[in-house]
Amino acid sequence: MKPLQAIIGFQFFKSIRNRLVFYFLLISLFSITLVGYEAFLLGKAVTENRVIEQLTTVADQKLIELKRWLNARIKDTKTLSEEPEVRNYLTLYTGKAIKDSEPAKKKHYYNLLKYKLQTVKRNYGYKKVLLADTDGRLVVSSDVEVVGKKVDEKFISPPLKNGEPFIRDIYRSKEGEFLMAFSYPVYRLKAETWRKSAGISGVAVAIINMSKSLFLMLGNWPGMGNTGETLLVRKEGENILFLNELRHLKDTALKLRIPLVSGLAKPAVFASSGDEGMIRTTDYRQEPVLAAYRHIAQAGWGFVTKIDVAEAFLSIEKFKFQLIKFTLILVIIAIGIAYFISRTITNPILKLKKLTEKLAEGDFGASTIENSHDEVGALSSSFRKMAEALEDYSINMEEKVKDRTRLLNEKNIELQRFTYTVSHDLRSPIVTIKGFLGLLEKDALSGNIEKLKKDITYINNATDKMENLLNELLHLSRIGFKTNPKREISIEVLIEDLLREALGELVVNNVQVKIAPDLPGIYGDLPRISELFQNLLENANKYRGETDNLIIEVGCREENGEIIFFVRDNGIGIEPCYHEKVFDLFEKLEEKSQGTGIGLAIVKRVVEMHGGRIWVESEGEGKGSCFNFTLSGQMH
Amino acid sequence: MKIKFKIFFFFSLLNFPLFSGCENTATNVDKKKISPNLLEHPLYSNYHFSNDRRVLDFGSQPLWIPPCTIFAVMQKDPILKSELEKLGFILKVHPFFKGKDVNFFLASGDLEAGIGGDMPAMVAAAKTDVVIISILQMGQVAMVSRDIREIAALQERKVAVAAGSNAHYYLLKTLKKNGLKISGLKLVFMEVDQLPAALNRKDIDAFAAWEPTPALAIKNFPHLKIFHRGLSYGFIYVQRKFFQENPLVVAHLLASQIRALSWLREKEEHIDLAADWLLKTANKMSRTDMKLTSIDVHRLADRDLPGLHTITYPRIPPALLAKNGFLEGEFNFLRKYGFIPGQKNWEKIKDNFNLNFINEVIAAPEKYRLFEEMILYNSESVETGR
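As given, the protein sequences belong to chains E and P, one line each in that order. Using the working numbering, the letters of the first sequence map in sequence onto residues 1 to 636. Using the working numbering, the letters of the second sequence map in sequence onto residues 637 to 1022.
Possibly wrong hints are sitting among the right ones.
[Unchecked claim] Derived EDC-like pairs (lysine to aspartate or glutamate); straight-line CA-CA distance at most 20 Å: (1) P:K855 with E:E175; (2) E:K161 with P:D688; (3) E:K44 with P:D938; (4) P:K813 with E:E236; (5) P:K855 with E:E53; (6) P:K959 with E:E238; (7) E:K78 with P:E902; (8) E:K581 with E:E538; (9) P:K861 with E:E53; (10) E:K75 with P:D938; (11) E:K161 with P:D841; (12) P:K861 with E:D60; (13) E:K44 with P:E904; (14) E:K78 with P:E904; (15) E:K78 with P:E905; (16) E:K250 with E:E175.
These are computed hints drawn from the structure, not numbers from a lab.
Sequences are here, hints too, so could you generate the full structure?
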């Protein structure tokens, strides 16, 4: 099975919009089809039930009417034959009580009987009503007929033989009429009794025209439409004989015969054999029909009401068509909605895409996009911020690059200088060592122990110096890498601790350290800040010059909203030309001074680590110095 | 629950056209009561069958509605009583629940005559030598369902019948006619009394049964519908020996049936009256209210009783015995399923139907007082077996 994407096309699915439309349509179609199909099945079942109920009701109703009609006909003849006057007149007329010599009397009874028969014919709609004697000869008829002629034996034989009523099933007369006859024996009327045991004196026969009575009644029912019809059949040998005229086939009454085993006209076959029910089958035209069939035991008839399936379920077809139409409309609406929804989703995305392209081209001005409050709006808002940030970043980038380049250059220079300085300053003790090693050899060979000892001392001093240098350098290099958690630091407490623990020399030398009151605390790396102040204070002490009254002031001031700390002394001061240089590595204003010349470099590094800057102010030699620094910014 | 219990109880008693030897997998409380040895039956064991040759012990089935409407009238026929008395006979009627039970006591020689549906009549003809003298019913077997409206829709559905009954035969025949096979549906065997409740409970999708079960089902569960009907018949039959020894007694019995039909035909009210009598007997026997009214019985009688409107005499239609006719089909079914011994053949069974005897009665209306007006007794003119 090919994947859907392969069938429809990969390109089609590359678009979110297409995918949205497709899947929305798929879901909509599925739902609409499912609901539509369920509705159709329900509608179909309801309609089918309704049609079947209707047809069944018609069949049952017609069956009742038909039975009533049959019973009424039998009762008509029975009533006629049991009427005392008829029994009496017939007895008198056919008996020997009135002699042939009394024609007037006979005529009187004849007229009375004829009047009776005409009344029945007229009132009950018979074609003809007659009375026959026990010899089967016509006695009197409602119509003009030859008295004494032989009456068809089929009418009168059973009643005369068994005293049973007889129904002659539907037959065609010589004139082509469809008739049915009902015969009933007429019993003699004895003066002393009403009983029938007096014997039969004749037979009453009532003949009815089926086309004007039963067939009319059967041929019409509500809802029969263009194809509905009623069939009356009876079994005749191995065939089914159609008794009434068919709607779709002319001249069929009592002519059309269908073999029982032909498989055709099933409902008619079933009905004539005593079954009753409902069936979907084909009729004598081979048309699919819905038929209700019933059996009339009294007459041995089968009775079928049927209608073409196409007509019966026309409403289902209409409903189906309506449903399909409605489904199509819904699908079109669904496509529209899907397209609209996909547009609302994809349009901002497409706009973002265009914007991205513009941003890629460096156009930061095109950042006005969707202002909706949904997810897309949020995305747009984020995108807008991102674009602004990019714009800012882009604008600052050049400056930053310049700054960083400058810094890098400075670092490079510093590194070069550092390399130079380190190599130069390290060379100094090496040269010393090298020199004294020569002397050491010479003194050793000469056996001058005193000198040898001095040489070794010089060499030791040189190596100590070198070791100091290397330790300081190592320390300096670590400042950038080793950081401690920041904390709040009280400068006053810090300096007091330093004076007590590390700067005992200042105390010994009676250096006055004045700490300004209410110095603000510093939020920073305590060990480094401690180093900063230690170096500055030591530096002041180292370069005190000739003064015995060294005063160091630690304080701060605010300039342009910035806190500037300072460590001021009244020492030897620094010529302005060295103000920058003093912070360089191994720079010492006095060659003879103690120290490695790394102290201020460390100070500078600590200040920079704390995002600050440092500078020195001094009016020159003998004027004292003031080291200013800030400590704002982040630690690196 | 009360109505359901009543229906259950009534149906448990209503099993007439089952046969001896007919197996059924279903069980119920009443089934236990009805021992296979009917001599120990709680009701039948109290019956006093007469050994006197001057007593005609007759097996009736008051729960078989509407055919027994005719017999309800016959039981009140003074002419029958008087004519039998003239012959030194008395008629003693014993009510039974089923045709199968009537056949049992016919076979044991306790009954001389009885009534039964087409299936019991043929089994009696095959197993006990009886003469079938008249038709009692031209009724219908019906299929009932909640939602099925056509035979074709029975496919794959669960359909219940009483095994070996005329409804069983009717179902098979109808399926075949409609081009379906019994294997195409799920056939369930059940006692007829259980069918309506089972259908209502949706345990089954349809059932086939004889009247009054379908009428009662619809009466009690109006959402059920009859969707198909087929013919069924009922007969009066007499032990051949008794028939041969006492033809006049049998003739008067038949004459009474003819008179009863005439009386019922006279007025619509007569049918209602007979229906009332029958229902009283039926309710008494079932010990519960059957929920059928005389109007219901009247309606069933209108449809099922031959001669009530058109045919004067209860002749057995010769067409029933025709080659490949209705009864031969049933005979083959009964033989196939073992209800009739295999060595029996249709020609032999056919001889048990006496079509001419009724003509002898009809030919002598005065002798048999066919046309005499009956003034019925208020109570049965004949003795009942209890």
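How the hints compare with the structure:
| no. | hint | in the structure |
| --- | --- | --- |
| 1 | P:K855 with E:E175 | 50 Å, violated |
| 2 | E:K161 with P:D688 | 39 Å, violated |
| 3 | E:K44 with P:D938 | 36 Å, violated |
| 4 | P:K813 with E:E236 | 19 Å, holds |
| 5 | P:K855 with E:E53 | 18 Å, holds |
| 6 | P:K959 with E:E238 | 12 Å, holds |
| 7 | E:K78 with P:E902 | 11 Å, holds |
| 8 | E:K581 with E:E538 | 18 Å, holds |
| 9 | P:K861 with E:E53 | 11 Å, holds |
| 10 | E:K75 with P:D938 | 15 Å, holds |
| 11 | E:K161 with P:D841 | 51 Å, violated |
| 12 | P:K861 with E:D60 | 13 Å, holds |
| 13 | E:K44 with P:E904 | 43 Å, violated |
| 14 | E:K78 with P:E904 | 16 Å, holds |
| 15 | E:K78 with P:E905 | 19 Å, holds |
| 16 | E:K250 with E:E175 | 18 Å, holds |
Of the numbered hints given earlier, the model fails hints 1, 2, 3, 11 and 13; all others are met.
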